[in-house]
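All chains, full assembly: derive it from the sequences and hints.
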Amino acid sequence: MAKRTSRAPRANGRARNGHGPNGQDPAGNAGQPTGRFLVTFKEGAEKSGRQAMQSVLGVRGGVAATADYKGKLNAAELDAADTAVLSEIGVAIVSAGAAADMQAVAALGNDPAIEAIEPEYFVEVIDQLEHEAESETYLRGFRDASTAIYRNLYSPGASAPVPVPVPDGGTLASFSDTAAFTWGLDATRVIKSKFTGQGIRVAVLDTGLDLNHPDFQGRPIVGQSFVPGVTSVQDGHSHGTHCIGTALGPALPPKPPGERRYGCAPRAEIFVGKVLNDFGGGQAGWALMGIDWAVRNKCQVVSMSLGWIIPPTDPDSVAFEAAAHRGLLRGTLVIAAAGNEGPTGGLRSPANVPSVMAVGAVDNTLATATFSSRGDVNIAGPGVRVFSTVPMAARYGFKSGTSMACPHVAGIAALWAQSKPFFRGAVLANVLMAKARPLPAPANQVGKGLVQAP
Amino acid sequence: VRRRRIEAFALRPAAGRIIDIMAARKKPLLVTLDDAHVDKAGPVVASLKKAGLTDVEHLEAIGIVKGQAAPSKVEALRKIRGVKAVEEDAWTQLPAPDDPIQ
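Residue numbers (the working numbering), protein chains in the order written: chain Z, 1 to 454; chain G, 1 to 102.
A portion of the hints provided could be inaccurate.
Derived SDA-like pairs: lysine to any residue, alpha-carbon spacing no greater than 25 angstroms straight-line [what the hints assert, rightly or not]:
1. G:Lys27 x Z:Pro315
2. G:Lys26 x Z:Pro315
3. Z:Lys298 x G:Ala36
4. G:Lys79 x G:Pro43
5. G:Lys27 x Z:Asp278
6. G:Lys40 x Z:Asn297
7. G:Lys27 x Z:Asn297
8. Z:Lys192 x Z:Arg260
9. G:Lys84 x Z:Lys192
10. G:Lys49 x Z:Pro228
11. G:Lys27 x Z:Phe279
12. Z:Lys298 x G:Ala61
13. G:Lys84 x Z:Phe175
Please keep in mind that the hints were generated in silico from the structure rather than gathered at the bench.
Since the model is a prediction, treat every value here as computed from it, not as a measurement.
The following block contains the structure:
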């Protein structure tokens, strides 16, 4: 059993309407602008961004940064400063007074260190965070900022990510499998990460896992079948074993034959939920039982490389939205494959519902995979010619699909979740998107870009 | 097994009887409880059973009730206090293991 930090903002059963006793959202204001602005710095440009804000906005009270306060800001400091910088996510909150000069705000938007300037909105808050005493105020500010980003990212018509210019005729990148690791782990910077997913629980809801596979021997595995009449989570298909390998495979695959690394979170706890039968078929209800099981077991991440093709005129699934939203409130992020319907097909359910993170697929040049579904995609992952585990005796194999992109994001979510105890639920989703590598492809293909490890 | 039996009926000439069988056949359903009843689901689940929902499984952490009922009973299930939505529990199918796109 993994060690758990008592500071983790776990949800409990009492999180209900989202408006806590100290909530910063006066009733009825949800969705309304607060008058403040959120400034997102470009990766690594926080210092020059802060300087630009001070020179352009002439902020009087100075800039209070979480980095200066060891991750804590109290309410007085937030009020006194014209600007609060949330160093963890590279976002600054600019007070209404400081932002009153719209010309100055627009000028700031042209600064090379600034990625985006967006209005902050009153949001429905996740009230369990308010009862984590130690860094309560910091977390509240962090939560408001990130939930505002969340709203912006999740609302239809949200601004597209800043495109990366690609030289004429050239490609953005070209990654290859090496003897040591897969192209996907390279492109997502997993191989450079110091995090392993230790202490984080990842549930993969799929066809199960080959329990005899040598690459998972000695790993603690919790399994549960939701397929009627099937008690074992043994994978008779291969889809599930491949997905679990990508999300949770070992840092050093055992010899023989001693293959390249292919797994994102080698020390996360493996929760195998068998929600598809050995022919790859399943009811939505089985997947919902799997989400319920993952939430009850406090899994921080759920990976679902499955979906239901729905006519565009059909309403979103109420059940999946409720399940995923209630999961977010309890610290569980559900991540799903966008679908393989290509440019003309919309997202599958449940990837299409707002509280599920939808993952599109890119190839090793970071171009959108031709098969990847278009729509409200949140983020992209490696999904073409992905090397991972398959049931014995083949042991390893290549597969392509948004089904392969999804577990990359899930495994990397476990790395982020390990890095900070408050990277949970919607905050975890925001961090994944805020830290994604922007891509030239439009947002309806790749969302905020390619997932990146911490 | 049940589906095969009904298809066998379909081969018979008595068409009216087939329709009756199909109407009576239970469908798998997903009942989503509203936010106010996720933690107070007991009476709602009891009402669902009373209104004809069988094979009930209550997913307590996410406020969903799985079950089966004849299509004719769905409207009554929708009207129960604490029920946000009643939807059909749909079937999905992955491609075959060797399909190029998964």
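Now for the hints, and whether the structure bears them out:
1. G:Lys27 x Z:Pro315: 19 angstroms, holds
2. G:Lys26 x Z:Pro315: Holds, at roughly 23 angstroms.
3. Z:Lys298 x G:Ala36: 22 angstroms, holds
4. G:Lys79 x G:Pro43: Holds, because 14 angstroms separates the two Cα atoms, which is no more than 25 angstroms.
5. G:Lys27 x Z:Asp278: 23 angstroms, holds
6. G:Lys40 x Z:Asn297: Distance of about 21 angstroms is within 25 angstroms: holds.
7. G:Lys27 x Z:Asn297: 30 angstroms, violated
8. Z:Lys192 x Z:Arg260: Cα-Cα ~15 angstroms, so holds.
9. G:Lys84 x Z:Lys192: Roughly 46 angstroms between the alpha carbons, so the hint for lysine 84 of chain G and lysine 192 of chain Z is violated.
10. G:Lys49 x Z:Pro228: 21 angstroms, holds
11. G:Lys27 x Z:Phe279: Within the cut-off at roughly 22 angstroms; holds.
12. Z:Lys298 x G:Ala61: Satisfied, since the Cα-Cα distance of roughly 10 angstroms is no more than 25 angstroms.
13. G:Lys84 x Z:Phe175: Not satisfied, since the Cα-Cα distance of roughly 47 angstroms exceeds 25 angstroms.
When each numbered hint is compared with the structure, violations occur for hints 7, 9 and 13.
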